[in-house]
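Keeping the supplied structure of chain W fixed, place chain G upon it in accordance with the hints.
There are 2 protein chains.
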Amino acid sequence: MDRFLTVAVCQSGPIQRADSRSAVIARLVAMLERAAAGGAELAVFPEMALTTFFPRWELSDPTEILSFFEQEFPGPETQPLFDAAKGLGIGFAIGYCEAVADGGHLRRFNSMLLVGTDGERVGHFRKMHVPGSEEPEEGVTVHLERRYFEPGNTGFPVFTFKGVRVGMLICNDRRWPEAYRMLALNGAEVVLIGYNTPLVLTETPRLAHLRMFHNHLPMQAGAYQNTVWVAACAKAGEEEGQMLIGGSCIIAPSGEIVAQATSLGDEVIIHRADIGMNAECARAGFDFARYRRPAEYALIGTQAGRAGE
Amino acid sequence: MDRFLTVAVCQSGPIQRADSRSAVIARLVAMLERAAAGGAELAVFPEMALTTFFPRWELSDPTEILSFFEQEFPGPETQPLFDAAKGLGIGFAIGYCEAVADGGHLRRFNSMLLVGTDGERVGHFRKMHVPGSEEPEEGVTVHLERRYFEPGNTGFPVFTFKGVRVGMLICNDRRWPEAYRMLALNGAEVVLIGYNTPLVLTETPRLAHLRMFHNHLPMQAGAYQNTVWVAACAKAGEEEGQMLIGGSCIIAPSGEIVAQATSLGDEVIIHRADIGMNAECARAGFDFARYRRPAEYALIGTQAGRAGE
Chain W
1 MDRFLTVAVC QSGPIQRADS RSAVIARLVA MLERAAAGGA ELAVFPEMAL
51 TTFFPRWELS DPTEILSFFE QEFPGPETQP LFDAAKGLGI GFAIGYCEAV
101 ADGGHLRRFN SMLLVGTDGE RVGHFRKMHV PGSEEPEEGV TVHLERRYFE
151 PGNTGFPVFT FKGVRVGMLI CNDRRWPEAY RMLALNGAEV VLIGYNTPLV
201 LTETPRLAHL RMFHNHLPMQ AGAYQNTVWV AACAKAGEEE GQMLIGGSCI
251 IAPSGEIVAQ ATSLGDEVII HRADIGMNAE CARAGFDFAR YRRPAEYALI
301 GTQAGRAGE
Chain G
1001 MDRFLTVAVC QSGPIQRADS RSAVIARLVA MLERAAAGGA ELAVFPEMAL
1051 TTFFPRWELS DPTEILSFFE QEFPGPETQP LFDAAKGLGI GFAIGYCEAV
1101 ADGGHLRRFN SMLLVGTDGE RVGHFRKMHV PGSEEPEEGV TVHLERRYFE
1151 PGNTGFPVFT FKGVRVGMLI CNDRRWPEAY RMLALNGAEV VLIGYNTPLV
1201 LTETPRLAHL RMFHNHLPMQ AGAYQNTVWV AACAKAGEEE GQMLIGGSCI
1251 IAPSGEIVAQ ATSLGDEVII HRADIGMNAE CARAGFDFAR YRRPAEYALI
1301 GTQAGRAGE
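Listed in order, the protein sequences are those of chains W and G. FYI, our numbering numbers position 230 of the first sequence as 230, with every residue one higher than the one before it. FYI, our numbering numbers position 201 of the second sequence as 1201, with every residue one higher than the one before it.
Bound-form chain W, shown alone (with noise of 0.2 Å):
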């Protein structure tokens, strides 16, 4: 039986540190509804799609901190958004910082949430690599992930959504070959991915203008070497004086970018996925079960670091 699922990626434009929940879920409801006229079942929204990239700055207030995060998801001010996608009968898939209590205490992941077409909780997924640094090191452009985020404890789960498996990546994650391996040895056969990525790093002059190569690469060859299909959303464009990329895109399990954004804006591109096609990759040379050789790649598993590191 052919299988196929329309996907929507809804790059988001820059959102400011003023801009209120209730603007920014205003504006994700708006390409909701561009998602779901033009035909799709499934929506993907950036990593931190609430608020700015805020791991720019050093910031020590607890109050101050808790403030781009979410205790409640959905809670008062985001509810709309998931009225809005039960009304229209789309699914989506949405970035957002997520604070829970643990006896006493709130642990803080970087984490992004399925939802299903009846506005409920699919599934949940918790950034795996979580990239910077907790204070400012020399030389290094500002980027502290590390202070404000533990590194997930999800795992890389795989999830059904209207009878496709779907998983979710963000950011960095999606720079790790073992990150779309463990979703694709766990069946994945759509992987959602959210990112918001500066376009200059200080620290290394040379690799400069690679960003969007860099952003591409590894995301076109995790669809190819897995054959799956990624879809991929930016936050783009100039956030509190610091441009991040667009390149948000639709990548088929061939490793092609079928859809790509071409705005820094809030934008919706959409494909129409065939999920015949990774079956078909597949025997094309990645027949798994015949051609991997797990206990070659133990090192993988047990050693972090290069030899002599």
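Since the hints were made in silico from the structure, they are not lab data. All C-beta atoms, glycine included, are put in the ideal place defined by N, C-alpha and C.
Which bits of chain G does chain W cover? Going by a derived footprint, with three or more residues having C-beta under 8 Å, they are:
1) 1246-1258
2) 1276-1284
3) 1300-1306
Quick look at chain G alone, frame taken from chain W:
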């Protein structure tokens, strides 16, 4: 201290069945001389550099099969290549079909040998991901590597050549992200690859135009995601009626192709690889010891197929 290694990729044009070993060796020596004249310290030859790509045929006669293999390497016909390299003071890596006696029978591997500037063995690798099948399969381009070769038993070793840590991969190995990762975890700084890749696979018409894209994509991702240099060498052109793609290239740890062959014949491309670039690229996000999460990747080393397969 700045570290450089000047690498030559010596792409080979087609080798027909009737071509003698000595005729082939003469062509390889001519390329080795061009490489040395261009300042190269290490030359890379293709997979199965001494013979035609015979797994396109279904052969059963043991003597005929063995004619494509080296039982000693170097042997009388191949020694001139080693002598030439020693005379030129250049190292090389070369793919060949290896037959090795083991308890009264011959075991066959698709192998690659790394030879030092003194003409002596430095390292040895046996192809880990042997593609194709043992018997022709319905609706699939005949590719019987598994009929003629057992999967390699060397793991993913890394060797020191002129102070640089070098690993090898052969053809299909280059499509699997685990192969680069294992070499990187073992300390590789440069990955040498030889391949024979048919232009046409009859079973996947909608992927037919992507053969070169699928050649470069996983190698560029492998270089970028592991911050290693990749030097990849094709056997190219029309061999016994079957067209093989070229596209031999040298790829920086940024994932950029910095040198590429343009012909389908014997062609030498050279690049002076800045080994210092590896660490610079690693600092821009690929600090393995800091960010990788091996315990979360365990499945990669324990489960071959996709869930539900």
